[in-house]
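Q: Sequential numbering of the sequence shown, starting at 1234, is according to this note's numbering.
In short, the hints are calculated from the structure, not lab data. Among the clues, some could well be false.
SDA-like cross-link-like pairs, simulated, lysine to any residue; straight-line CA separation at most 25 Å [claimed, not checked]:
id: 1; residue 1: Lys-1278; residue 2: Leu-1394
id: 2; residue 1: Lys-1278; residue 2: Val-1262
id: 3; residue 1: Lys-1278; residue 2: Val-1316
id: 4; residue 1: Lys-1278; residue 2: His-1334
id: 5; residue 1: Lys-1278; residue 2: Trp-1438
id: 6; residue 1: Lys-1278; residue 2: Tyr-1338
id: 7; residue 1: Lys-1278; residue 2: Arg-1468
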Amino acid sequence: MHILVTNDDGVHAPGLLALVQAMRALGDVTVLAPDHNWSGGGHVKTLHRPLRVQETTLADGTPALMSDGAPSDCVALAMLGRVPGIDLVVSGINTYGNLGHDVTYSGTVTAAMEAVIAGVPGFAFSLAATDETAERGYGPAAGYAGRIVGMAIERGFTPNLLLNVNVPGIPGDQIRGVRVTRQGLRVYRDRLDERVDPRGQPYYWIGGEHPTGVPDEGTDFGVLEEGYVSVTPLRLDLTDYAMMEHLAGWW
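I would like the entire structure built from these sequences, with the hints used as guidance.
A: See the structure below:
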């Protein structure tokens, strides 16, 4: 089993190292990740400039590759031939949760989506932590990543398997187990901050308060609040089938 590991926090992020170490028990691991932080970068395919790949070394001595492209670029580079023979792609471990509508923004999740587009399963792992809980480390999340990917290998998987996994940012002995969930509702509190540069030209920052979510029963938000790991199966078909029937009545 040949596993590609990537992320959106950058190749030297501690979450990636924890994920690499967890995947070693399951197969041969190759790392190809961005050379800097791409958080919030979404699903990117870079076509307007060349992409470069360089060798680097992780903190534990693991050889790795890094690219100046986005996380989805890294997966595309690997699958198009830079890293032959990939069987599945694992992305993360992201420092914060990727919940609800976050999946469209998240480089962690969209890297896993790129894997499915290329014909192999994709897994996205995130630690749903605040600044305080992030200090507890990635050990519990890495442990669950190993268990979930291991189960997928053992039980068999299809090329369109796409799992978005969020692990609560609490000590491992307080995690109550795993629940299969649906996407919840993310509540964003974005704010536009307009400023003027020294030459009198306006520029903008998109900021605001940290987003929250609606913890409905059976959703990713809901089970995380209850202390469970959330496993949400996703698909790339975004068609609203109910709306298709409604629209058909327009003509």
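Q: Against this structure, judge whether each hint is valid.
A: Do the hints match the structure? See the list:
| no. | hint | verdict |
| --- | --- | --- |
| 1 | Lys-1278 to Leu-1394 | holds (21 Å) |
| 2 | Lys-1278 to Val-1262 | holds (24 Å) |
| 3 | Lys-1278 to Val-1316 | holds (18 Å) |
| 4 | Lys-1278 to His-1334 | holds (20 Å) |
| 5 | Lys-1278 to Trp-1438 | holds (24 Å) |
| 6 | Lys-1278 to Tyr-1338 | holds (14 Å) |
| 7 | Lys-1278 to Arg-1468 | holds (19 Å) |
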